[in-house]
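A.B. asks: Model the full structure from these sequences, guided by the hints.
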Amino acid sequence: MDSLAWFVSIFAAALLVAFFALTFVPFFSRYTAYRYSVDIHVNLPVRLEPAVSTRFIAQGRGASIGGLIFLVAAVLAMLGGLYAGDGPAAALWLVFGAVLVGSLAGGTVAAFTGATTFASDRPRVARSRAVSVSDYLPPWERLGAWVSVVAAVVVAVVMSVVGAGAAVFPVALFAGLGAVTLVMFEIASDRIVDRSQPAGSTADLVWDDAMRSSILRDLVSGPLALGVFSLVLGIVQIVGLSAGMTAAAMTDINGALLSALGLAVTLYSRTGRAQRYFISRLWPDLRWSDTADTATDAA
Amino acid sequence: MLTIDPKSPVPPFEQLRLQFIEQVRGGELAAGAKLPTVRRLADDLGLAPNTVARCYRELERDGFIETRGRNGSFVSAQGDAAEQQAQVAARAYADRVKQLGVSPRDALAWVTAALKA
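Residue numbers (this note's numbering), protein chains in the order written: chain A, 4 to 302; chain B, -3 to 113.
Treat the hints with caution; some may be incorrect.
[To be verified] Here are some, though not all, of the chain A residues that point toward chain B, as calculated from beta-carbon distances under 10 Å:
{"hint": "1", "residue": "Arg127"}
{"hint": "2", "residue": "Pro141"}
{"hint": "3", "residue": "Ala202"}
Because the hints were derived from the structure by calculation, they are not lab data.
Given the structure is predicted, the values throughout are model-derived calculations rather than measurements.
Glycine included, every Cβ here is placed at the ideal spot set by N, Cα and C.
C.D. replies: As structure tokens, then:
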């Protein structure tokens, strides 16, 4: 490992540790819960805030621990000579991929932890019709993940066949990781939606749906990001090599394109339409007062 | 939405059955809508699976729902033949509208306009 790879690994580890530490700050978890409430335009009753915050905390801790474990594994692989990529850029891609996949794996595990228990003498509510993943996740996000990963795998295979040399490494790495996380998403998403939703009120059910939607959108963002990154890298490599561009120029183009894409995806994921998609499917007539716990909240 | 009150003098099975019937008759559960699995609904409501299974059997016997093998239980079309056909068409339209991501308000407005034309 060279000094740049060390620097990036330590920087990523510091970020993950800082994020993990942040989940122990009560204000941060409460802020996250209420911020989400504002984003999706659904009132968060005071009595539900601890449960919602706890789930955000579990997701954050799972993602940061998963990212750290995979990061350590990637560093050990490089130190132990299991991977000896071509140049410092390859090490950076490996670190980035490890953190992303580890965060997703950790977040997936966290999604299955915790269970709501209810006293047997309390009224219970449930939805009278079956739900599916498509009720929680905008179709274009799931389709986008599939299209980008499949296209990335095709580009990686084409590059391998035509003998693109070391340039194929990051493309194949991200395409492979994208395929793995896509399978992980498909399995986990069905399991998450199939889990029971014990609820004592409409607010309980709406917020359980909200958390499911948030978790599923996080999970699908993994293969989507990995697929798109792989595709961008592959296309830039193919175009760059055929046009006789230097490695430095291609790195600059990659950096600019990936930064722009990252920004666009971040902005999109914050849009109300994507975040409120599950409401349009499951709660089209939901009003703010439906989830309000007026007496408790006023107190 | 289904609500089961354990303190109610009405048995849970009957509470469940009556609410399903009310929702089917009121149009809240449209023809073709898929019901939750027996196990899932039992878990959600804290009931024994046999209670939910018995409810589904009685609803099927009374023509409110139909079981399509492993695909699960679905709401049956109600009324005479013409009304049943209309309900099936409405279900197909609603599914297509959801696929296209069109808002329910727009979809309803177009149907209303088409009916008036």
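A.B. asks: Could you work out which earlier hints the structure fails to respect and list their numbers in ascending sequence?
C.D. replies: none
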